[in-house]
Amino acid sequence: MPDFLKKFDFDKFPKRIEYFDNDPLCLNNEFVFFHNKSKFRRELTRLQNLIKSFTNSPLKVAGIRDGLLKEELTEKYLIILFTTPEIVQNINQIIDDRSDIEFNPGCFLLESTSKYLLLLTREMEGLIPGIDMLESILNQVLEDYKIQKRFDEFIMIRPFKIIDCTQ
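Residue numbers (the UniProt record's numbering): 1 to 167.
Keep in mind that the hints are not guaranteed to be accurate.
Simulated pairs of lysine to aspartate or glutamate, EDC-like, Cα-Cα distance not exceeding 16 Å [what the hints assert, rightly or not]:
#1 K76 x D96
#2 K37 x E75
#3 K60 x D97
#4 K7 x E123
#5 K37 x E71
#6 K115 x E86
#7 K39 x E125
#8 K60 x E18
#9 K161 x E43
#10 K6 x E18
#11 K52 x E143
#12 K39 x E75
#13 K6 x D132
#14 K76 x D66
#15 K161 x D21
#16 K7 x D144
#17 K12 x D132
#18 K70 x D97
#19 K161 x E143
#20 K6 x E143
#21 K76 x E102
#22 K6 x E30
#23 K7 x E143
#24 K15 x D132
#25 K60 x E43
#26 K115 x D9
#27 K76 x E43
#28 K70 x E30
#29 K37 x D97
#30 K52 x E30
#31 K161 x E18
#32 K15 x D144
In case anyone wonders, no lab produced these hints; they're calculated from the structure.
Could you build the full structure based on these sequences and the hints that come with them?
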């Protein structure tokens with residue numbers, strides 16, 4: 001397995017976390033924080049600023065085009081997908097593959113694969129804690145990257161799946 005952060009530390013350990021030994025998510029300057037609701041756009045600024053503080057390169061935030069995401073998914077979920085413009089084209093399949101997950105109030109899914117990092121919830125009560133956890137993970141990954149001083153390599157995030165609730 002490549003040399004990258006293997007486990008994350010949390011102030012409050014999530015309800016469920018799984019780590020996978022698949023290929024990591026390799027970040028590059030094509031990555032964008034895609035979202036489906038403008039009401040939480042400003043919450044993503046802190047993630048942009050965090051990455052910019054380590055890389056001196058701001059990443060973009062963009063809304064998911066209405067024609068791209070099925071209306072029923074837009075109505076049902078709050079979505080943040082950190083990926084490339086190419087991968088976001090598969091947003092409906094990505095979300096449909098997780099449609100069996102029960103989201104109680106305040107619950108969220110945070111998942112990393114080799115192609116994207118996904119935060120999925122049904123309401124703001126789950127979104128804000130999900131962004132907090134995402135910020136913590138990104139900060140740990142970026143700190144580890146800085147300590148290793150392998151600046152000619154990609155920033156890598158180990159695949160994982162977290163389900164957590166505020167209650």
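For a quick check of understanding: which of the numbered hints are violated here, in increasing order? Hints 3, 4, 8, 9, 13, 19, 22, 26, 27, 28, 29 and 32 not satisfied by this model.
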